[in-house]
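J.: Sequence:
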Amino acid sequence: MTLVSEYSRYYRFLRFIITFLRFDFLPINCFLLRHIRMSFYPALAAFHFVATSHMLYYVMLEGDMVTFSFGTIWFSGSLQAFIKTITAIYYKEQFLIFFAGIEEIVKTHFDTVVDVIVKKILKETLTLTKICHFSITVIFNSTVFLLVMNGMNSPKGQPLGYYLPVFSWWGNFSFQLYGAWLILYTVLAGDFIFIALALFFRGELLIIAEIILCFDDSQFVKDNIHLLRMIYKMHLRILKKLGTFQNVYYFLTFLQIVSSFFLICLTTFMIRFHDLQVWAYAVLLCGLMQTFFLCLIGDILFEKASLISTALYLTKWYEMELEDQGRLLIMIAMAQKPYGIKAAGLVDVSFFTFIEIIKLSVSYCAILFTVA
29 MTLVSEYSRY YRFLRFIITF LRFDFLPINC FLLRHIRMSF YPALAAFHFV ATSHMLYYVM
89 LEGDMVTFSF GTIWFSGSLQ AFIKTITAIY YKEQFLIFFA GIEEIVKTHF DTVVDVIVKK
149 ILKETLTLTK ICHFSITVIF NSTVFLLVMN GMNSPKGQPL GYYLPVFSWW GNFSFQLYGA
209 WLILYTVLAG DFIFIALALF FRGELLIIAE IILCFDDSQF VKDNIHLLRM IYKMHLRILK
269 KLGTFQNVYY FLTFLQIVSS FFLICLTTFM IRFHDLQVWA YAVLLCGLMQ TFFLCLIGDI
329 LFEKASLIST ALYLTKWYEM ELEDQGRLLI MIAMAQKPYG IKAAGLVDVS FFTFIEIIKL
389 SVSYCAILFT VA
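Going left to right, the sequence shown walks through residues 29 to 400 as our numbering numbers them.
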C-alpha cells in the first residue's frame, strides 16, 4: 500500500468520526431537525453528566468516598464527551480544511532531494499516530470494561452507579451500559482527531526544518535556491494552521488538564487509603496517559517550531541574494515567536505542566487524607 493511499484511508476514518458524531449521514435539511439531529450525542452526554452530578451530591452527603470516586470518573468522562462532541460538531468545516491540507501535502511531488525527506517524515508521522491511537484505544477500552464490571457488582448493580426511577432495572442497566460505551468512544474520537492533527503539524514543522538544514551546503544553495520560496510559503501556512488549531482547542485543553487533575488526585487518594480493585489503577493509568500525551504533544510542537529558527541560523545565508536573505530574516522573525498549545490562554501545555499536574495532585491528595 502506498503512502498516499494509507493517508487517504486514515483520514477517511477521521472524516467518518465527525460525520457519525453529527449524524450527517441522515439526509435532513430542515433547520430545526438538522440541529436536533446534531444534538443527539451532546444531549446524551449532558444527561449522563447531570445524572452523575446528582448521584455525587447524595453520595458526598453519605460520606461514601469509594462510590464518590467511582462517580467522579463518569462525571469527568461525560463532561469530556460533551465538550469533545460539541467541538467536533461546531468546528467540522475547520477540521475538513485541516484534513484536505494534509492530503494535499501527501500527494504533492517535490524535487527529488526534498521528496526523500518529506516521504520519510510523513511515513514516520503516520506510524507514530497509529501507535498513539492503538495505545489509548486498548487502555481506554480495558478501563471502561473494568469500570462497568465494578458498577454491575455494586449494590445498585448499574454500570454507571446511578438509578433513574422512571425506568425499570433493566431499562436503567441498558441505558447506562450504552452510556458507558458512548462516553468512551466520544472521548476517544476527540482524542483521535487531536493527536492526528497535532502529530501531522509536528511533521510539517520537521519537514521545513530538515529542508532548511540542507541549505548549510554551498552547492545545495546554488542548485536549489528556488526551494526557499516554497519553504517560506510552507512556513506561513503551518503557522496559520497552528494559530487556528490553538483557537479550536483553546478551552478543551484546559478542561482536559482540570479533569485529569481531579481524576489523578481522587484515584490516588482511593488507592492509597482504601482497599480497591484493579479498576482504580486502570483509571489512574488512563488519567496519566491522557495528560501525558496532551502535554508531550504540546512540548513537541513548541520544540519543532523553535527548531526552524535554529535551522535558519545555520544556513549559508551570506551566500544568497539580497532578496533571499530578506525572506530568511522574515522567517527568523516569525520563528522567534513561541508556537505551541496554551490551555485557555493560561497554561502552556508542555511536559513541565505534566510534572506540575502530578505534583499538585499528590499535594491535594495529602490534604484530602488530612481532612478525612
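Since the hints were derived computationally from the structure, they do not count as laboratory data.
Among the hints, a few may not be true.
Unchecked claim - In silico BS3-like pairs for lysine-lysine, Cα to Cα no more than 27 Å straight-line:
#1 Lys387 x Lys148
#2 Lys261 x Lys387
#3 Lys120 x Lys370
#4 Lys148 x Lys135
#5 Lys370 x Lys387
#6 Lys387 x Lys269
#7 Lys387 x Lys268
#8 Lys120 x Lys269
#9 Lys250 x Lys120
#10 Lys135 x Lys147
#11 Lys261 x Lys250
#12 Lys148 x Lys269
#13 Lys268 x Lys158
#14 Lys158 x Lys120
#15 Lys268 x Lys135
Unchecked claim - Taking CB as the label site, the calculated pair distances span:
#16 Phe397 x Leu313: 18 to 26 Å
#17 Phe138 x Phe397: 54 to 62 Å
#18 Asn181 x Tyr206: 14 to 22 Å
Virtual Cβ for every residue (Gly too), placed ideally from N, Cα, C.
J.: A separate judgement is required for each hint: does it hold in the structure or not?
T.: A quick look at each hint next to the structure:
1. Lys387 x Lys148: Cα-Cα ~38 Å, so violated.
2. Lys261 x Lys387: Distance of about 42 Å is beyond 27 Å: violated.
3. Lys120 x Lys370: Answer holds: Lys120 to Lys370 is near 21 Å, not above 27 Å.
4. Lys148 x Lys135: holds (14 Å)
5. Lys370 x Lys387: Measuring from Cα to Cα gives roughly 20 Å; hence the hint holds.
6. Lys387 x Lys269: violated (33 Å)
7. Lys387 x Lys268: Outside the cut-off at roughly 34 Å; violated.
8. Lys120 x Lys269: Within the cut-off at roughly 15 Å; holds.
9. Lys250 x Lys120: Distance ~44 Å between Lys250 and Lys120 Cα, so the pair is violated.
10. Lys135 x Lys147: It holds: about 10 Å lies between the C-alpha atoms, which stays within 27 Å.
11. Lys261 x Lys250: Holds, because 20 Å separates the two Cα atoms, which is no more than 27 Å.
12. Lys148 x Lys269: holds (22 Å)
13. Lys268 x Lys158: holds (25 Å)
14. Lys158 x Lys120: Satisfied, since the Cα-Cα distance of roughly 22 Å is no more than 27 Å.
15. Lys268 x Lys135: holds (21 Å)
16. Phe397 x Leu313: 18 to 26 Å: holds (21 Å)
17. Phe138 x Phe397: 54 to 62 Å: Given a distance of about 58 Å, which is inside 54 to 62 Å, the answer is holds.
18. Asn181 x Tyr206: 14 to 22 Å: holds (19 Å)
Hint check: violations occur at hints 1, 2, 6, 7, 9; the rest are consistent with the structure.
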